[in-house]
Amino acid sequence: MLTLVLLELRKLLGMRSARLALLVCLLLPLLWLVAPRLSALLNVALTSGWQLPAVSLGVLVQFLLPLFIAVTCAEMIGAEVSQGTLAPLLLRPVDRTRVIVGKLIVALLYPALLIAVLVAGSLLAGLGLGLGSFTGGTGLGPGYFVGVGPLSSGEALMQVLRGSVLAAVMLMPVAALSLLFGVLYLNTAAAALATLAALNLLRLLVVFPENVQRLLLTSHFDLYARQGNVLQPLVLLLIYTVGFGLMAVYAFDRRDV
Amino acid sequence: MTTPAAPAAPAIEVRGLHKKYGPHAILHDIDLTVQRGEVYALTGPNGAGKSTLIRTVTGLAFPSSGEVRLLGRDVHNDGPRARARLGAVVEAPARFYPQFTGTQNLQIHADLAAMAPGGPRVGKGRIREVLALLELTRMEGRKVAEYSLGQRQRLGVASAILADPQVLILDEPTSGLDALSIGLIHRIVTSLASGGCAVVLSTHHLREIATYAHTVGILTGGRLVDTVDLRARQAAYRFRVDDPVGAAGRLERLPFVQRVSTRTPYAVAHLSSDAHVPDALAQLSAGGFRVYEASPDHFDLYEYYRERVEQA
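Top line first, the protein sequences correspond to chains A and B.
The C-terminal position of the first sequence is numbered 257 in the working numbering, with every residue numbered one higher than the one before it.
The C-terminal position of the second sequence is numbered 1312 in the working numbering, with every residue numbered one higher than the one before it.
It is worth saying that the hints were derived from the structure and are not from the lab.
A couple of the hints might just be wrong.
As the list claims (entries may be wrong) - Here are some chain A residues pointing at chain B (derived, C-beta under 8 Å):
| # | residue |
| --- | --- |
| 1 | Val5 |
| 2 | Thr85 |
| 3 | Arg92 |
| 4 | Arg96 |
| 5 | Thr97 |
| 6 | Pro150 |
| 7 | Gly154 |
| 8 | Glu155 |
| 9 | Ala194 |
| 10 | Leu196 |
| 11 | Ala197 |
| 12 | Thr218 |
| 13 | Leu236 |
| 14 | Leu238 |
| 15 | Arg254 |
| 16 | Asp256 |
As the list claims (entries may be wrong) - A few chain A positions that, by computed beta-carbon distances, are all more than 12 Å from chain B:
| # | residue |
| --- | --- |
| 17 | Leu6 |
| 18 | Leu13 |
| 19 | Leu86 |
| 20 | Leu91 |
| 21 | Thr135 |
| 22 | Arg255 |
Unchecked claim - A short, non-exhaustive set of chain B residues, derived as facing chain A with CB atoms under 8 Å:
| # | residue |
| --- | --- |
| 23 | Leu1060 |
| 24 | Ala1061 |
| 25 | Gln1099 |
| 26 | Leu1112 |
| 27 | Arg1121 |
| 28 | Gly1123 |
| 29 | Gly1125 |
| 30 | Glu1293 |
| 31 | Ala1294 |
| 32 | Pro1296 |
| 33 | Phe1299 |
Built from N, CA and C at the ideal position, the CB exists for glycine as well.
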């Protein structure tokens, strides 16, 4: 299994879409240092580099990160089909389930990779503002950007790590959904489009009662900044991830290639 | 008392194979058997279903009904074991990860081949060996994106034979190759078959494969309309003589001649064995016929194929 996961990881890191996404995640936070209206838009004066990861996540998490994930995870199947490399892979004595589970594992790691690079880029950009103790909030802990008083570097780091892990888990269903559409369509563009369309349709369901909304995937795209007990939405997002993943495995098992 | 060993299963066994895409039937009731050491050429017009048949036989596509066994194992329900000794290229030219080198691509295939239950370990030495065999040593460190069409095709054959297959399936293996490379592929295929490997080739080059295939399956309209055993058609000899009709009459009376025909300027005789050629020449000479040439009268597969496809 490790052979397949490492192979998929190598292929993922060789994809142009993944490289572009990682580059954007690394460099985009630098923009915050030269964005004069950022403080006005956030209604808060940024005083510490520890606040930039929350800014980056807030800006990218609603559209750009799902877009990157949708395209790259769809490409994990679509590019193999268009390049003709999926067939040679399946001609080897490897169980189809293991092939798709290998892809799924890497697809689920991809949001974590993007978030890690985004946070690293943000902290790199945050060096200009300083990464020492400060009074205020990171935007990922209690009191959000205003905070609840003085915050040490260690506490700030823990808040950023917590937010990053939650953001990565929050985006995992998008990766699994995109892989599922990849298996169904065997085409990158169609699968990515289907993923984004599904997410946007879910967002439109705000017209439904709150009980229904609580079950929607997109209602929890602010999980990374939520405080208190996040177990319930976390479990829900994991159910979505496992559900989409199992459907992808099932669909791939008897798919003509 | 010992019980006699069960006969080895055929290398490839296809029974009652049907394949539909939606309402469209692509393959109808295909029955096919390829024995170990046999070279089976699959031919037919474009759209006959050759690629679908190959994809179904290799387990890439699933049949609507029927079953496919490789070395006795069901390729659709016991895929990893059935494909454990399979080498195949199902597209022409063969496809590889363009961002990796030839060696890296073969290493990926070697790692995957080793995942079979009891699968063979393929070392770096074997990778270098197959690259050398396919005359790709010079390109081994270059990314596949830089390979020519023919080089990619040869790399495909290299990957197919990498793990010493007992079943080799190649779709259009000589497509895009120059004459020397075609000869190289022929030698490799013949050598593997001599070693007991069953080989299935899909091809349009009938006269080319007639020289080394044992059996030819003609597929048209999704049906396997004929299976020609070329081994049974090789014992004919043609004699270019000054009087073909008279020579045919003389040959017809000989006990080792099964059938005689004329095709001016030739008298064509089906002999019971190649060993009787000198005897036939001696008889013709004794009968006063001047013999200018004696050569094997190869079965004209192209003509036969044309007739069968037109009749179908």
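Results for each hint:
1. Contact between A:Val5 and chain B, as hinted, is not supported at the beta carbon level, the nearest pair being about 12 Å apart and thus beyond 8 Å.
2. Checking A:Thr85 against chain B by beta carbon gives a least distance of about 5 Å; that is within 8 Å, so the hint holds.
3. With a least beta-carbon distance of about 4 Å to chain B, the hint placing A:Arg92 at the interface is held under the 8 Å criterion.
4. The beta carbon of A:Arg96 comes within 7 Å of a beta carbon in chain B, closer than 8 Å, and the hint placing it at the interface holds.
5. The interface hint given for A:Thr97 is violated, since its Cβ lies 10 Å from the closest Cβ of chain B, which is over the 8 Å cut-off.
6. Of the supplied interface hints, the one on A:Pro150 is violated, with its beta-carbon coming no nearer than about 50 Å to a beta-carbon of chain B, more than 8 Å.
7. The interface hint given for A:Gly154 is broken, as the beta carbon of that residue sits about 42 Å from the closest beta carbon of chain B, more than 8 Å.
8. Against a cut-off of 8 Å between C-beta atoms, the interface hint on A:Glu155 is violated, since the closest Cβ of chain B lies about 43 Å away.
9. At a threshold of 8 Å, the smallest CB-CB gap from A:Ala194 to chain B is about 21 Å, leaving the interface hint violated.
10. The beta carbon of A:Leu196 is not positioned within 8 Å of any beta carbon in chain B (closest approach about 26 Å), and the interface hint is therefore violated.
11. At a threshold of 8 Å, the smallest CB-CB gap from A:Ala197 to chain B is about 25 Å, leaving the interface hint violated.
12. Here the hint on A:Thr218 is broken, as its CB sits about 35 Å from the closest CB of chain B, past 8 Å.
13. A least Cβ separation of about 35 Å between A:Leu236 and chain B goes past the 8 Å threshold, and the interface hint is therefore violated.
14. Hint status for A:Leu238: violated, given a least beta-carbon distance of 29 Å to chain B, over 8 Å.
15. With its C-beta approaching chain B no nearer than about 6 Å, A:Arg254 sits inside the 8 Å limit, and its interface hint holds.
16. For the restraint placing A:Asp256 at the interface with chain B, the shortest Cβ-Cβ distance is roughly 4 Å, inside the 8 Å limit, so the hint holds.
17. A Cβ of chain B approaches the Cβ of A:Leu6 within 12 Å, the least distance being about 9 Å, so the stated non-interface status is violated.
18. The non-interface label for A:Leu13 is inconsistent with chain B: the shortest C-beta to C-beta separation is roughly 10 Å, within 12 Å.
19. Non-interface call for A:Leu86 relative to chain B: violated, since the shortest CB-CB distance, roughly 9 Å, does not exceed 12 Å.
20. With a minimum CB-CB distance of about 5 Å to chain B, A:Leu91 fails to clear the 12 Å threshold, and the non-interface call is violated.
21. The beta carbon of A:Thr135 sits about 49 Å from the closest Cβ of chain B, which is more than 12 Å, so the claim that it is off the interface holds.
22. Taking the minimum C-beta to C-beta distance to chain B, about 8 Å, the non-interface status of A:Arg255 is violated against the 12 Å cut.
23. The closest approach between the C-beta of B:Leu1060 and any C-beta of chain A is roughly 5 Å, which is under the 8 Å cut-off, so the hint is satisfied.
24. Annotation: interface hint on B:Ala1061 holds; nearest CB of chain A at approximately 4 Å, less than 8 Å.
25. At about 5 Å, the closest approach between the beta carbon of B:Gln1099 and any beta carbon in chain A falls short of 8 Å, and the interface hint on this residue holds.
26. About 4 Å separates the beta-carbon of B:Leu1112 from the nearest beta-carbon of chain A, less than 8 Å, and the hint is met.
27. The interface hint given for B:Arg1121 is broken, as the beta carbon of that residue sits about 13 Å from the closest beta carbon of chain A, more than 8 Å.
28. Interface restraint check: B:Gly1123 against chain A, minimum CB-CB distance 15 Å, threshold 8 Å, status violated.
29. Here the hint on B:Gly1125 is broken, as its CB sits about 20 Å from the closest CB of chain A, past 8 Å.
30. Residue-level restraint check for B:Glu1293 is violated (minimum Cβ-Cβ distance to chain A is 47 Å; threshold 8 Å).
31. Taken as an interface hint, B:Ala1294 does not check out: its beta carbon lies about 46 Å from the nearest beta carbon of chain A, beyond 8 Å.
32. The interface hint given for B:Pro1296 is broken, as the beta carbon of that residue sits about 37 Å from the closest beta carbon of chain A, more than 8 Å.
33. Interface hint status for B:Phe1299: violated, as the beta-carbon distance to the closest one in chain A is roughly 33 Å, over 8 Å.
The structure is inconsistent with the numbered hints 1, 5, 6, 7, 8, 9, 10, 11, 12, 13, 14, 17, 18, 19, 20, 22, 27, 28, 29, 30, 31, 32, 33, although it conforms to all the rest.
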